[in-house]
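K.L.:
Here is how the chains run, residue by residue.
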Amino acid sequence: MNPLSELQLDTLTEIFNIGAGRAASSLSEIVGDQVKLSVPRVQLYKSSDINAEVLSLNGLRVGAVKQSFSGPFDADAMLLFTEERAMEIVHDMMGSQVAIEDVAEFEQEAMCELGNIILNACLSSMADMLDLSLDSSLPIYSVGATDLILSQIVSEADQPVMLVLHIDLAIEKHLSQGYLVFLLSSSSLRELLAHIDRFISRI
Amino acid sequence: MNFRPDYHTSIWEEIWDAVKLGLILIDSEGKVLLWNDWVAEHSGIPAEFASNNSLESLFPGGLSAPFKTAIKNALSHKLPIILSNALHRSPLPIYPLPITQHEQKRMQQSITITPICVSGKEHLCMIQIADASISVKREGVLKSHSERLSKEATTDGLTGAYNRRFFDERFAAEFGRAQRQNIPLSLIMLDVDYFKRYNDHYGHPAGDKILVAVVTALKAQLNRPTDVVVRYGGEEFAVILPDAEVDGGRIIAEKLRVAVADLSIPHCESKVADHITVSVGIAAYQPGTSCDATCLLKAADAALYDAKHNGRNCVRHLTSAEFSPSGLANEA
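Chains as they are written, first to last, in the numbering used here: chain A, 890 to 1092; chain B, 5 to 336.
The hints are simulated quantities; they were obtained by calculation from the structure and are not laboratory data. The C-beta atom is built at its ideal place from N, Cα and C for all residues, glycine as well.
Each pair of labels, with its calculated beta carbon distance range:
(1) Ile1089/A <-> Ile15/B: 48 to 56 Å
(2) Val943/A <-> Glu60/B: 46 to 54 Å
(3) Leu896/A <-> Leu101/B: 55 to 63 Å
(4) Ser294/B <-> Asp938/A: 53 to 61 Å
Only chain B is shown next, with the shape it has when bound in the complex (with noise of 0.2 Å):
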């Protein structure tokens, strides 16, 4: 760097003092020599203070032990060293401004130490201090945004039950595992009954609230954090009941259809009640049976329908002893 002549040395503290980072030189001995205003605001230490100090006398037992090591080799090898965030997180007891008297949280710091040789004899050393809080909190920011869209890529807008996409994931990985683990595995299909009746009569909006009272009353129904209610289309609904048999997960089937009875939402175009209910299927994987999972998906579907031509309102099972690929095709 190279500047005119009639340029005075003050210009190097004016330079100094503007810049928006902490800067402290010390010497071989670790004396303060340069103590810039953002140190000094930072810290609350004024620079003629700090002047010709240690940075352990000035700030009683409040360096981190790797700090203090990386100073003395940083003095002793004369070699560049940096302290992140990741690993130090706050080195030196500095704070955001304004420094207030009651108890404050120390600021977010990258550490940067470099030595500097002077006349080619003596070495000094540059301490670096950077405010890494806005890139802790971009990385806060970024993070709870990819929580938020990968919630949105996997959940249906309207009723907050997990979406088709999420389920065709979700099944097929609870499948293979309950292939692997030989456990067993079931699914339940449910429709509201005579929904395209109640939209007509009612109104879209009437029959977006029902979607959203049945997913509701089916999340209220289900305890364990793996099974998972899905808008799978339209007014259908799947659940996955991980690691459970035929028989309970009937009982639970059984559960949501009266949960959704339960809520009494008056449907005078129902043929089957004077309120809103369900038809239920549902299908469970037996381990050792020869059925993959689109078979099982075809069951449930098949024990769906069959509850909707038997009188609606019901529950119907199916287990994968009692069908195989082959022979559903016919009964779907």
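Just chain A, same shape as in the assembly (with noise of 0.2 Å):
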């Protein structure tokens, strides 16, 4: 499935690239090191074909940051890193000071933090980029079985549309690789569409 042409992907990986550098620069400054974040990639998925292979999360289980935006169109954005990926990542912005056993304490709302920068990152380049407003909720953590978070994701959403967006985070040399999910419904995808398109052709 691939409705998209390749201008409009390539307009959504420089909008959300645009976010990654924003979220970068707030991660450098609570780690206090440099942090880069990029997005090399972007896909369209029908939901029901979204697995964990389909995501290559090779991890036994999975955490999830999740915000419900709503505006011009409704989404709800997702960020997954494997647990294991998780742990590392809390890890490295804590510092030396914790010690990796002890990370499982905050994980939660560590991880909390880092997927409300990222999403809020992309969601607010996008805003600024199309010209619109978007309202979000708090996010929200879970952490469990990849299989059973991703099945989760795709039948609470009941939306048909994922739009995956690849993340490469490094912190202090330390590189992940996570997702970061867009699910919609088919009128949202046409609306967020037509705002890229406008976007496209102002420029």
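Using the hints, put the two standalone chains together into the complex.
P.N.:
Okay, structure coming up:
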């Protein structure tokens, strides 16, 4: 399934990379060291096609930070990392004063904040570039078996389209890969694409 | 939310001030519109003073950089933001009560910043400050509990030595490491001589004291943190000596025997001395030999048996070059 033109995909990738840059600077400020974040690839899937293999989430368990947003189009936005990665990221963010075995206690709230920063940055860059305004809920973090979390995401949303952003996150030279997933209804996707086309025609 | 019309708007102020949470409302310029009692109490800044001022002028130099960025982002992007306690600890200069004059540590905080839209145009920003010290404290308590529980699960209640459960795990792990890294491993087994007679003559409480004294004496002879003393059962103890060859192990074993004898605890029922003594067996694993963990354990046991049957209050040894998994069966 790929109703997006190359130009549309490039534009989305560009928009999200601007968001990633914003998120990286916020994260650097918190970590006190350089954090790099980029979105190398954006892909569109049918929700029903999504599983752990497609997303190459090879961990047993995955952590997901979710925010629901609304505006000219509505979507659930979710940041996904394998739990192992999530723990490493939290450890890197908290610095060496925390032992890796103690990280579990902080995983929930620290991952919530990390997701909040990345999701907000992507949403705000989308809002700025496409000249629209978006409202968002507060982030919720859930962690569980990968297939369970993924099937929950797909069924709960009842939204047929998934925009999947590949995310590269580097903290203290430690590279992690994750995903940012937008779940959209067909009408929301149409609305998003209409905004993108308007943006393209302006430049 | 809907209130009956006979409720006045002043009820909002009442609720605002009754909340056990810090609530600050700022306008799109960052000026304070509302400042509840909780914030006034914990910051020492009264609401009248805070009103219409920016947070930066109210807390000069006191706001963390990520907090300032978060407020700026919340106002410009109108998206909700959280600042977790895990990553920020204390972004605002607010303190536990009562606020004293002298140096005080900032309160542990969890902060939520939510954009609020008034009649579709003006964007305000609400800052909620929750006191995270209770959960931080709870985490600390849980952590010390789990440390205590794991200590209890691996320690012998009477003597404070490690228990058999710990031994099984540690011995298997150390043996695996010795095999992988091609390094020797020594295992000492020792037993208090004529302990049953001691118990019968002096009573069990006195016997218990002997076990405690023996463990203390053994521990005092071991310098490396990786050398561990285990109560293997009854009056039998084991000492794991990683990276120790049989010669080094024998020296330690002899030191342990002497240390117990030097306690000079009278034992009138002993047939080998007039004081408490131990018999010691030691077996060493030599890299490259076909010995497994069970076989090393049997060898140390056999060496102890040997010491028991050769006069007690002495040290006997075996190396894995001298025993094989099959050969030992006869000896033990």
